[in-house]
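Residue numbers for the sequence shown follow the numbering used here, so the first one is 6 and each next one is one higher.
The set of hints was computed from the structure by calculation and includes no laboratory data.
Treat the hints with caution; some may be incorrect.
Unchecked claim - DEER-style ranges, computed between Cβ atoms: (1) Leu66 to Arg46: 28 to 36 Å; (2) Gly23 to Ser51: 33 to 41 Å; (3) Ser81 to Ser13: 19 to 27 Å; (4) Leu25 to Arg80: 33 to 41 Å; (5) Arg17 to Asp61: 14 to 22 Å; (6) Lys64 to Ala44: 17 to 25 Å; (7) Arg68 to Arg37: 23 to 31 Å; (8) Arg77 to Gly23: 31 to 39 Å; (9) Arg68 to Gln42: 17 to 25 Å; (10) Gly48 to Arg77: 15 to 23 Å.
It should be emphasised that the depicted structure is a prediction, and the values quoted were computed from it without experimental measurement.
Cβ coordinates follow ideal geometry from the N, Cα and C atoms, glycine included.
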Amino acid sequence: MFEIWETSEPARLISDAGSLRLALEKVDTVCRLRHDQAAARIGDSSEGYHFEIRDDRGKALARLTYVPDTTRAYRSVLNEELRGEAQP
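Put together the whole structure using the sequences plus the hints.
Structure follows, in structure tokens:
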């Protein structure tokens, strides 16, 4: 079991996931939402957003800081290798 946290102040639990791959996809979805909010000028995104994926003991396994770039369309924060789509 994995937990996805937004660690910007105040820290809050976003969701949980049964696999690391699903946790990464959920982080990507939240980043897309934050990009859309920034494009609509909802909230202050100048400091960026901070996320953690934690294991079932609360240990941080991955961290991401995402700063939306509203001058272009959203581009996934996950690369092919993280998605498991890399070609050998």
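Going through the hints against the structure:
The given range of 28 to 36 Å is respected by Leu66 and Arg46, whose C-beta atoms sit roughly 33 Å from each other. Roughly 34 Å separates the CB atoms of Gly23 and Ser51, a value that falls within the hinted 33 to 41 Å. Restraint check, Ser81 to Ser13: a C-beta distance of roughly 20 Å satisfies the suggested window 19 to 27 Å. Look at Leu25 against Arg80: about 21 Å separates their beta carbons, and that is not inside 33 to 41 Å.
Checking the proposed 14 to 22 Å range against Arg17 and Asp61 shows it holds: the Cβ atoms sit about 18 Å from each other. Roughly 34 Å separates the CB atoms of Lys64 and Ala44, a value that falls outside the hinted 17 to 25 Å. Between Arg68 and Arg37 the beta carbons are some 18 Å apart, a value that contradicts the proposed interval 23 to 31 Å. Between Arg77 and Gly23 the Cβ separation comes to about 33 Å, which falls inside the hinted range of 31 to 39 Å.
The supplied range of 17 to 25 Å is met by Arg68 and Gln42, whose beta-carbon atoms lie about 21 Å from each other. Checked against the hint of 15 to 23 Å, the C-beta distance between Gly48 and Arg77 comes to roughly 19 Å, which is consistent with it.
When each numbered hint is compared with the structure, violations occur for hints 4, 6 and 7.
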